[in-house]
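**Q** Read top to bottom, the protein sequences are chains A and B. Residue 1 is where the first sequence starts when you use the working numbering, and the numbers rise one by one after that. Residue 1 is where the second sequence starts when you use the working numbering, and the numbers rise one by one after that.
Careful, some of the hints might be misleading.
Simulated DEER-style distance windows between Cβ atoms [as the list claims (entries may be wrong)]:
no. : chain 1 : residue 1 : chain 2 : residue 2 : range
1   : A       : D57       : B       : L12       : 54 to 60 Å
2   : A       : G176      : B       : F95       : 37 to 43 Å
3   : A       : P296      : B       : N28       : 49 to 55 Å
4   : B       : V15       : A       : T90       : 40 to 46 Å
5   : A       : G173      : B       : V15       : 43 to 49 Å
6   : A       : V72       : B       : F144      : 55 to 61 Å
7   : B       : A539      : A       : R237      : 41 to 47 Å
Think of the hints as simulated: they come from the structure by calculation, not from any bench. By construction, the Cβ of each residue, glycine as well, lies at the ideal position given by its N, Cα and C atoms.
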Amino acid sequence: MDWSIAKILMQDGIVTGVIYALLAVSLVLVFAVTRIILIVQGEFVTYGALSFALMADNQVPGNRWLLVTGGVLVFLRELWLVFRGKPAATLLGSALFCLILPLAVFFAVPAVLATEPSLWIKALLALLLVVPLGPMLYKLAYEPIAESSVLALFVVSIAVHFAFVGMGLVFFGAEGRLVSEPFFDGQLELFGLTWTYQSLFVIAMTVVIIVALWLFFGYTLYGKALRATAVNRRGARLVGISTSMSGFLTFLLSSIVGVLSGIMIVSFISLTYETGFMIGLKGFVGAIIGGLMSYPIAAAGALLVGIIESFSTFWASEYKEVIVFGLIIPVLLILSVTSRHDEEE
Amino acid sequence: MKKWPVLVFILLLAVVPLIPGVPEFWINQLNAIGIASLVVIGLVVLTGVGGLTSFGQATFVGVGAYATAWLTTVHAQSPWLGLILGILLTLLLAFVLAQITLRLSGHYLSLATIAVCLIFYYLYGNMPFLGRHDGIPGIPPISFFGYPLLQAQSIYYLIWFVVLLAAWTGINLLNSRSGRAIRSLKNGEKMAQSFGVHTFHYKVIAFIYAAVLAGLAGWLYAHEQRAVSPSTFGINYGIEYLFMMVVGSVASVWGGIFGAAVILTLKDQIQDIAPRLFDTSTNFELIVFGVLVVLVLHHARDGLWPIVTGFFSSLFRKGGARETAASSWWSAAPLLDKKEKPQKDSTLLQVKAIRKQFGGLVAVNDIDFSVNAGQIVGLIGPNGAGKSTTFNLITGVLPLTSGAIVFRDKPLASATAEEIARLGIARSFQHTQLLPQMSVLENVALGAHLRRSAGALRSLLRLDRQDEAALLREAAIQLERVGLAGSMYELAGNLSLGKQRIVEVARALALDPSLLLLDEPAAGLRYLEKQELAAVLSALRDEGMSILLVEHDMDFVMKLTNHLVVMDFGTKIAEGTPAQIQQNEKVLQAYLGGLDDEVIVDEPPVGKAGNNEVHA
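Could you build the full structure based on these sequences and the hints that come with them?
**A** Here it is in structure tokens:
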């Protein structure tokens, strides 16, 4: 291997690495606020990517049915809660989010696709189709047992992952999909390498999302409420930040991040309904490097995962997954040694 | 589970293959259920009871299966050697993983099991000597004395014999000294440590036990299928094993077998029906399992097995005499040895200028006091005085900023909760920490953990009965001592708070301590319960026990203690007999905010407490 190949591998690694970094940051966020290990984050990626890919092919994705069904189920649960004493005024918002929005999207998707819109509109539709599933999922699967142990919530995540993969096969079929049409055409020379506009766009988007998250958490009331919940759940509740609100909001953020990552990643990696799990787990390897606590370390760790993956594809492509997931072992070893210190102090 | 349902179950298992006309398919299905049951029994102990969630048991099944497959085909060795190699490799892998992950909080273990399962899946799929993605075909059957188990019917008996053996070891393990330690891992790890339980050790034991059963399942699988390939050891299978446990039972070995049967039958039915409903190929069972597990976790936390057993036991209402202490199998066990106790009135615990700072806040400011043998010393003070912090410093929960604590001439600074227990200091907790699913007797027996040494291997094979009998008898003696012998067989979670606090005292006594540390023992008790508790503690002192208690209730403390230490804002403001403390200006000021003296003198409880001061 010479320097020029190394540079290309590095470039590849960075482009996938930034997406892993995005996922890692979102995973740390969800864990900090809700204590949920969000395995299903990977499915947000594939659902976003594959709906986008189907629409890029001018097909109507079948998961619009899931959106409507999920909405109806959440609404029924809200009705039940109102029956049990929740203020009835909340129903208006629920109806808007659970019934009107999904139905509007359900009918809008084929109608808009018929006008042969640009790729950007299709990306927007993919967001609308998949993002609401995040908060709906929180309402249905997690909220009823939000106070359970981390491990019980983890098992729920795995169960939800199973259900999403199963449904993914129904909606998207078994074949892999790639969107070959780029958002931006063209390329430029930088650091002696050829960068497509598309890959620069992915990097720029990631930076934009991370800055947006930083602004959200630093400068908005809701962002601060989530930070408060992450620091001290009970304290946050005592000052009126409801678990339900923070869960809803966190899942909204993580599904936005997941779907955007999916839309970006499907432009250079072919995805199937199953791939999300692996992509999500690679984000997790990064998140674990940050001890599921530190955002910058998690992001850096995930970037490293992308680069290591890219190099191991070159050296030992068969063992690339073994190498990437093997990374977790020394990391856990270090965490284990240092955390024992903490307990003794 | 009672004895006769088990016998009926065994009889049914033995008869099924003999019934003429039973389709071969049923037997194959039962074989699959048996093999999965082995894995699930391990998971019941590890995850259901021990609270350590593994999604990757398929890894160990794979190691067991590939080890024997490789040895019996490539090297044409006997399957029995394959078994030995498989178990050794499983042990090695489990031990290494345990060392890496079990010191971290539980979700790291879970993530690591997923990662390791994926790693092994890709290793099997790419290693040339393991046949890559095609796996290893042509594995010979297991033979007994030259008779090969070729038919599904013949290996059926081997599989279910091993399953029943595993169930027996699982039950033995859970009902033993090690089992109590494992049962404390989920919700009472800190508590168990303060009775000298080395919890890390028991996490490793539970992990290795589950791994070995999975390895064994892999060995059976390889010789039943006569071929192995990577796909059946992937992460989805690992997750399915966990689902079997969740759906079956989190506490019962039989429930685990039930869960395996439910999931595998469901899977088979779905794979049979789904293609007729949908023309495309779908993984419909994934959706069903996912939704099922979420529903079970929402509505039946303990799994479906308790519902099944509840239904049957309501059909056959159980009657008959209840077991009593005198008729129990352990009632004639030898008594446990006692530690040599300190001389009455010798200094037992010395607290020397201890200090605790949280940043700029001095929570405990150079406090000094001592506890003599045979005394009850009370540590009191208004809210926020630093009592609980002082208590936590003495029990090793918090590290000291400066100062020293000496117990019987041994310094306690930097001692762990376990070491403190070994020295003979037992404690109770402000929020009672009993294991609600365990009987009162077993809860108390956990307190005596350090006084016997029966290990996990002996309990697996039921060779620990002498030790176990001695521990249970000790627990019964301590329950008698505090007047709770009648509630011995109740579940601890069903007792009233007052009784739970007294059970905590009994559990502390089971450690054979020379010093009892009680953290707000009367908090939340009703008047009569407080009186009972006071009577118990006072009787213990008469027997020579030394007690240090932190308490809010003035009346309770004034009547009971020999000596009081009063704190306010982290500083000791007074020390002396209850009578002296009642007259102390500073104490009155701290408690009543400097009210008129006359009002205080007229205060009825104070006067009453003073009259009752007989022990001082």
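**Q** Next, verify each hint and record whether it holds.
**A** Hints versus structure:
| no. | hint | result |
| --- | --- | --- |
| 1 | A:D57 <-> B:L12: 54 to 60 Å | holds (55 Å) |
| 2 | A:G176 <-> B:F95: 37 to 43 Å | holds (39 Å) |
| 3 | A:P296 <-> B:N28: 49 to 55 Å | holds (54 Å) |
| 4 | B:V15 <-> A:T90: 40 to 46 Å | violated (59 Å) |
| 5 | A:G173 <-> B:V15: 43 to 49 Å | holds (47 Å) |
| 6 | A:V72 <-> B:F144: 55 to 61 Å | holds (59 Å) |
| 7 | B:A539 <-> A:R237: 41 to 47 Å | holds (44 Å) |
Figure legend: structure checked against the earlier numbered hints; the only hint not met is number 4.
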